[in-house]
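Trainee: Sequence:
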Amino acid sequence: MKTARVIIVEDEALVAMMVEDMLDDMGCEVAGSFGAVETALAWLSDHPPPDGAVLDVNIGGEMVFPVAEKLRERGVPFVFATGYCDLPRSGFESVEVLAKPINAGALRMAVDRFRAG
Numbered sequence: 056m057k058t059a060r061v062i063i064v065e066d067e068a069l070v071a072m073m074v075e076d077m078l079d080d081m082g083c084e085v086a087g088s089f090g091a092v093e094t095a096l097a098w099l100s101d102h103p104p105p106d107g108a109v110l111d112v113n114i115g116g117e118m119v120f121p122v123a124e125k126l127r128e129r130g131v132p133f134v135f136a137t138g139y140c141d142l143p144r145s146g147f148e149s150v151e152v153l154a155k156p157i158n159a160g161a162l163r164m165a166v167d168r169f170r171a172g
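Counting in the working numbering, the final residue of the sequence shown is number 172, and the numbers go up one at a time with none missing.
Quick caveat, the hints were computed from the structure, so don't treat them as lab data.
Keep in mind that a hint or two might mislead.
Straight-line alpha carbon distances no greater than 25 Å define the calculated SDA-like cross-link-like pairs of lysine to any residue that follow [as the list claims (entries may be wrong)]:
no., residue 1, residue 2
1, LYS155, GLY82
2, LYS125, GLU93
3, LYS155, GLY87
4, LYS125, SER145
Work the whole structure out from these sequences, hints included.
Mentor: Printed below as a string of structure tokens:
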């Protein structure tokens with residue numbers, strides 16, 4: 056099975072570590088974990104695209120949508136992870152949303168789609 060290179064954009068360190076652990080258990084390589092939108096955007100500009108991404112929607116009061124747009128431009132699949140039910144996702148309505156706390160089974164299905172390309 057192909058190893059998926061995945062990035063995480065999450066401002067809560069404990070949640071990020073939990074997602075990293077789940078991805079590691081699934082045989083993924085965590086290519087980067089970022090707690091700020093600007094840091095994730097800078098990484099995406101300087102590195103080959105990952106196979107997928109898990110994006111918290113609200114990063115310290117800033118919406119993650121610029122990262123989502125950059126991923127979409129590069130053809131990288133991603134999922135949103137959020138504790139908000141009715142968060143506006145203008146332009147991203149078709150993107151899968153994983154409810155927090157993230158269920159390992161739901162994350163595994165997303166990773167399987169990342170691997171499938």
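Trainee: State for each hint whether it applies.
Mentor: Each hint, compared with the structure:
no.: 1; hint: LYS155 to GLY82; result: holds (22 Å)
no.: 2; hint: LYS125 to GLU93; result: holds (12 Å)
no.: 3; hint: LYS155 to GLY87; result: holds (20 Å)
no.: 4; hint: LYS125 to SER145; result: holds (15 Å)
Checked against the numbered hints above, the structure violates none of them.
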